[in-house]
Amino acid sequence: MSDLTVDALDAEDAKLATLARGAAGRVQQTTGAAVRDGIGRTYASAAVDLPSLRLTALQAAVAQAYAAGADKLEAAVLFGAAEDADGIQAAREISADLTVWSVIRKEVTRLA
1343 MSDLTVDALD AEDAKLATLA RGAAGRVQQT TGAAVRDGIG RTYASAAVDL
1393 PSLRLTALQA AVAQAYAAGA DKLEAAVLFG AAEDADGIQA AREISADLTV
1443 WSVIRKEVTR LA
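Residue 1343 is where the sequence shown starts when you use the numbering used here, and the numbers rise one by one after that.
If you're looking for bench data, these hints aren't it; they were derived computationally from the structure. Glycine residues also receive a C-beta, built at the ideal position from the N, C-alpha and C atoms. Relax, there's no trap hidden among the hints.
Here are the computed distance ranges between Cβ atoms for each label pair:
1) L1392 to A1350: 33 to 43 Å
2) G1364 to E1449: 11 to 21 Å
3) E1449 to R1368: 16 to 26 Å
4) D1349 to S1394: 39 to 49 Å
5) S1394 to R1452: 28 to 38 Å
6) D1428 to V1369: 13 to 23 Å
Generate the whole structure from the sequences, applying the supplied hints.
Okay, here's the thing in structure tokens:
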């Protein structure tokens, strides 16, 4: 368990947490994710669970960023899940040194 709370995140990472939570809520999913690219643009998504396509929330947010031309990711927030190895791997294919946070309720854990 983490001793950090969402309030401890800097303003930009707290914004990612809000976007990730909102992305999950819009489609009634339990997980959402948001990423910030190298020039400050943000991308948010919930998990995709279709018969022909399954993506974790973080994979979907990374895919949006990549499709929009992002060549660097600064940070990512995963909302509602303690881990996402596949999503982190996808994000690291763009930026090996990005920071990844997990937010469950108001508890925050650094994953990468």
